Amino acid sequence: MISVEHVKVSYGGPNVVDDVSFDIPAGRITGLIGPNGAGKTTMFNAIAGHVPLAGGRIKLEGKDITSLKPHQRAARGLARTFQIPHEFSQLTVIENFMAAAATPIGENVFNVIFRRGRFAEEEEKTYRAARDMVAFLEIDQVKDEKAGNLSGGQKKLLELGRALMQKPKIILLDEIGAGINRTLLAKISDKILLLNKEQGLTFCLIEHDLDYVSKLCDEVIVMAQGTLLMRGAVDEVRQDARVIEAYFGGGKYEARP
Amino acid sequence: MEMTGLLFYLVSVLIAGGIYAVLCLALNVQWGMGGLFNAGIAGFFAVGAYASAIATTAVSAKHLGGFGLPIPFGLAAAMVVAGITGWAVAKICVGLKSDYLAMASVGIAEILRLVIVNESWLTNGSLGISGVPRPFGDLVHGRSADILYLAVVWTCVLGVYVLCQRLYVSPWGRTLRAIRDNEDSARAAGKDVDKFRLQTFVIGCAIMGLAGGLSAHYFKFLSPSATEPLLVTFLVWVMLMAGGSGNNKGAIAGALVIWFLWSATEIFTSRLPPEWITRSSYIRMLLVGLILQFVLQKFRSGLVPEKSPKIRSD
Amino acid sequence: MIDFINLYLVPGLTIGSIYALGAVGISMVFGILRFAHFAHGDLMTIGGYGVLTAVWFIPVNPLLLLPFGIALAIVAALAVDQFFYKPLRKLPTIYTVIASFGVALIFRSLAQLFWSSGNQVFVSGVRMPVVLFDTFRISELHMQVISLTLIIAIALHFFLTRSKLGRAMRAVSDEPELAAVAGLDTERVVRWTWVIGASLAATAGVFAGMDTSMHPNLGWNLLLAMFAAAVLGGIGKPMGAIVGGLIIGVAEEVATFPWLTDEPLISPSYKSAVAFFIMVALLLFRPQGLFKGRLL
Amino acid sequence: MSALLSVQSLVAGYGGVAIIEDINLDVAENEISVIIGPNGAGKSTLLKTIFALTARSEGTISFAGKDISGLKTSQLVPLGISMVPQSRNVFPTLTVDENLDVGTYAAPPKDKEAVRENVLSLFPDLRDKLGQAAGELSGGQRQMVAMGRALMSEPKLLLLDEPTAGLSPAYLEIIFDLLLDIRKHGVTILMVEQNAKQALRIADNGHVLVSGRNFISGSGESLLNDDAVRRSFLGGAAA
Amino acid sequence: ADTKIGLLMDITGPIASFIPPLQNAANLAVKHVNEGGGLLDGQAVPVFGDTTGSSQGAVDAAGKLINIENVPIIMGALMSGTTIAAAEAAAIPAGVVQLSPTATSPAMTDIKDNDLLFRIVPSDNFQGKVLAKMVLDEGIKKVAVTFVNNDYGVGIGQTFVDAYKAAGGEVVAEVKHEEKKNSYRSELATLSKAGGDALVVVAYAGDSGGKIVKQAIEGGLFTKFIGTDGLRDEALIADIGAEALATSFFSAPTSPEDNPNQSKLHELYTAEYSEPADKPFVDQTYDATFMTMLAVEQAGSADRTKMAEALRAIASAPGEKVGPGDWAKAKALIKEGKDIDYDGAGGNYDFDENGDVAGFIGKFVVDGTVYKQIAVVE
Ligand SMILES: Nc1ncnc2c1ncn2[C@@H]1O[C@H](COP(=O)(O)OP(=O)(O)OP(=O)(O)O)[C@@H](O)[C@H]1O
Ligand SMILES: Nc1ncnc2c1ncn2[C@@H]1O[C@H](COP(=O)(O)OP(=O)(O)OP(=O)(O)O)[C@@H](O)[C@H]1O
Ligand SMILES: [Mg+2]
Ligand SMILES: [Mg+2]
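Chains as they are written, first to last, in this note's numbering: chain H, 1 to 257; chain G, 1 to 314; chain A, 1 to 296; chain U, 1 to 239; chain W, 1 to 378.
Be aware that one or more of the hints could be misleading.
[Claimed, not checked] Restricting the straight-line Cα-Cα distance to at most 20 Å, the calculated cross-link-like pairs of lysine-lysine (PhoX-like) are:
#1 LYS167/H <-> LYS215/H
#2 LYS69/H <-> LYS91/G
#3 LYS167/H <-> LYS69/H
#4 LYS142/W <-> LYS165/W
#5 LYS90/A <-> LYS298/G
#6 LYS86/A <-> LYS110/U
Simulated from the structure, these hints should not be mistaken for laboratory data.
Computed from a predicted model, the values in this text were never measured in an experiment.
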């Protein structure tokens, strides 16, 4: 689905992502883990086009998208969430979802001013989808609240919902679980699995909760200090000495059954 | 104070208030919906005023002109020229973040003002353009012409209101507000942020140009003193904030209320005792400043606060 | 070339110093309270009139009476902050920007009411400049303005980087809510911001008034150039504002020097466009300003 | 043991709407207390109200036997309370070192150098980053800076809003070890956590907050083993 | 009943610093009327309207004077821009006579005003032309010129340059400058390098004009200055000193003969306000205000439609001469049905069909602490 080839990113200093290459296979759920500061979020930013590359290429479905702007990448079916929530703070929750959806007819100024009938149907569909999303994420009680007033966890849910509203082919989830109540998170996992299975939606997720990762992911990619450390099945990775050293530590509080 | 006097005072307040309402609606598109901090309103207003004046006046050796076009063409020219100016400005600096855009637009408006006072081949500089026609100026004279002009101005206000309202309730408007709140995530959701901003800025500037044109035809004479930033940029911002930014009705209400307060304070200060008479104008400014503080503190989100457009609920 | 120094550079540095002192306050208020303070020029005016009034009673060199102007400006700044800005603190900053527009009107009209709108001079008469090395002419006042500004800049630098209060100011400027969480008394920091901003504004106001004459629009007329200076230096960077002010001041004058032909490079009637031109160009290519200020 | 922090019938919210209602909560000296609950339950609001960042409409809060209900945040810090908020918890343009320094302004420690050394030895990763602006750090690194800053004033009571959110397992471990460690030094901790299972393991007491009300309180152990709690708040029986 | 007189001034705008003496002058005229027997059968009541120096403000303020205060006639405004805007959008449609003391724009001549818009200063073209002749007569063949970039400066400055060149003078440097700057040294550098014999300054003493003269002297760049009425301000002498201005001369509107009315007004003014009266536009403002009240008295009622005719009647010869302060005399003459002719401090004001005055320009030099008129040009 996505292939990252020799990507380098720098924020002006040394490369924080240095010559990383990997594939995200279509139709699968791939995990991206690694210690704090490894460059995972930066990798997502690079894939989605929010930071310029210092080297390398990124391909989406075989086509080079390196020079495309973020919105052009999104138009090709790439969606991402932000680790620190980036909600539309003055819009209500429902509006946040509607705004995230693609509404090409209604976003054309000419239509808006001179041909108003044209986007009614599109709006209706968008509204339905938004309402369903609210129900799915169990945030009905705040659906007309301004997004800026939501709690930390609610904002994370909003991030996920907006990404889904884009009807993408691939979604990059950046620590969607951090700060989400575990019971709800379990439900979200189920939905992700469902979307993956039924619609063949591709996911790549950054997560620190290994339980959650192992429940969802077929395979994980491990990054450390800006480089690719290894890639493999979750259990394989868990056993790897380098990964244990760089990532797990003693495992004292690991919530294993 | 006789009744006809009062009536005609009302007419003049409503004409000026209507022109301000157009400006205020334009600013609402840019700021209320798009979050673009345009602090150079006077510049685009001036461009529109001069465009319309030059297009409609008779030949003059003193400045460019002599097109003698009918007034509707003049107003259209005002919108087009101000829109193009806005487009050029937006091309350069619409990517700037809020307050920086404000600084840049103040700067650009100031440069436009200097061009207007200095390039006399184009504008006759500080001496101004006279003989700007009024609509139906040949048919109606005297005070009744004002009533006719009132109708012209408010037709424009209505048209602009309908336009702004359509923009506001549309997906386009929603996307704009989303961009205002968070640019990065709008980008991630596939919105071409720069394109939306550019459209917003241009639409706003074109409407400001229209207001400029309306005022040129009202004064029938155009000089740099018609585009004083204090009375254009500053006052319009006050009107929008007082009326309720993000709300088109609020924009109109703000324009009328603030203009009326601005104008009517003088009626009271000119009734001060004779010892104060030479100072009454300063007392009036003081009063305006204080009233403004009162409005800001008491009507926090404006007279008509921003509401999300109604989404059908079922 | 001596003409260049006498008639372009030195006047440029003088007006630049005035811009610089005003811009420091604008930059600090921008950094800490996060709004463009449109009444800052009028604060300068108020300070200038404070000294002017003192001169009527104590006829000595106005610079010695600066404390009167500074005190008046501080009182004025703290009062408007308390009554007009503080109630709006929790709202989006645009409200405070608009409020400061109103305060500018209030200051100006008060100045007109108390001191009348006419021109008034600190000391009248032609003051012939000091002539050094036969050709270098500089008026005493200009020497004082430029050197005092440099001294103030150095003192301010040490204050901001060394003192605890100065460092707390930077923290509040960076993330006000977190600064409150860290237990900083943000209101105290705000008050000190006004104290410093108003003091420098008053000083600048007196300089400007002495260089020409006092009138109620004195500061308002300088405001836009001072904003340009603050942006040029980088928002929230007082040192940047000083440098920005000097650059703008010098650039305005020097741009009219006949660099290429015998004609001035830029017609003097476009002088004030120079400041904005520099500012807009800078915003496009280096929006954080020369001193890497905050990106808004 | 007497309660270091005691919250009685607390009601608070935003703009007149009560988010938390009638909360009672005691935190004994030298214990670790954890608040868990669904998203939007009002956990952050509770912490913010205790720290005087959100307006309290009813109820009293006392600290070390003293009523602190009316005090401002800047008065609470010198008394020995620190907080790490959930988001925006570093000064982005200040360097890491300056961020730590800010922690000492309101309540200067006796030996600043020693405290700083201490904090840096807790978060060795920060040593390389001392000169870097905190806004340029990764999510986890920011969390460390935020904790470090809060510890610089040598607080008696530390309020933490989801301190491990976004931290890798290694750091989660480090933080929890650290919490146990600083508790040994006489620091009392009240924290909100979504990594609830892990948190309850180190906690002496736990409180479950649901829609603004204190749903159930008990020892960490007992909550971990409570079926209802497991099912509704700890991610079900899956674990 | 009392009669209101509308006084439209640019009180708070860009020319705010000139206004206080002008308000004094207008108030003085009203005082003279009320002390000399009042207006019609009551008192004259001044009502100020503030244009704020902008067109919007001018139209609004004029509208209030006309519609709310119901004044029969308006004195003002001062700037050409505000005067014309107020006339076009407020006074002319309402049929109210407006008399500006200072608006000099040539555009005013051509406005279709139904004989409602008057002024008592000659249009720019006139003073500029006269000044050119004056300078050449003095034997000065090479000058540098600077004028402020507003309607006043550009109007006179441009005409001067054209007329001067046409008559054989050489303008070695011409610099248009901005108002309100602190330093004009760089402009002066350009001007002085060209090597003119004198510097012609068309600007206000209270703003750029004063600064230019001062900075030129301080910098040793010019010693001889030629100014217009904007510069001919006693404050200039106070600030620069008579000595430094000894070789300079100034032009300003005046009346044909040696004008006793001017010194009379100045005395009255100084007695009332204990400050010098020789400031730009004080004379004209007093005269215009006085004339509006004469017109009301002449019309016999506050009927707006009679004002234009009455204004022409009291201003033009023939008739019994009256001057500043002569209200009682004028009132008596009007009562007797005699024709009067007001000759003011600033000229004798005979309106032509456009409502303009021909005017006389005097040549002034500094004499001690005041200006002395040494010649008159028609
Ligand atoms: N805007 C920035 N400017 C400079 N450096 C940055 C910036 N953003 C991140 N970095 C640096 O890049 C490195 C990688 O950061 P990144 O956010 O990608 O980490 P991460 O793997 O997502 O970590 P975490 O799990 O903690 O979120 C870090 O060392 C960080 O300091
Ligand atoms: N500033 C605010 N204005 C209005 N309502 C708010 C504000 N902040 C929070 N709320 C509301 O208060 C409720 C509780 O918020 P709070 O942040 O305390 O939740 P929380 O328990 O910390 O949740 P999370 O686990 O998701 O962080 C939420 O429903 C939220 O919408
Ligand atoms: Mg990350
Ligand atoms: Mg929370």
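The hints, checked one at a time:
| no. | hint | verdict |
| --- | --- | --- |
| 1 | LYS167/H <-> LYS215/H | violated, 24 Å |
| 2 | LYS69/H <-> LYS91/G | holds, 17 Å |
| 3 | LYS167/H <-> LYS69/H | holds, 19 Å |
| 4 | LYS142/W <-> LYS165/W | holds, 10 Å |
| 5 | LYS90/A <-> LYS298/G | holds, 14 Å |
| 6 | LYS86/A <-> LYS110/U | violated, 35 Å |
When the structure is compared with the earlier hints, violations turn up for hints 1, 6 and for no others.
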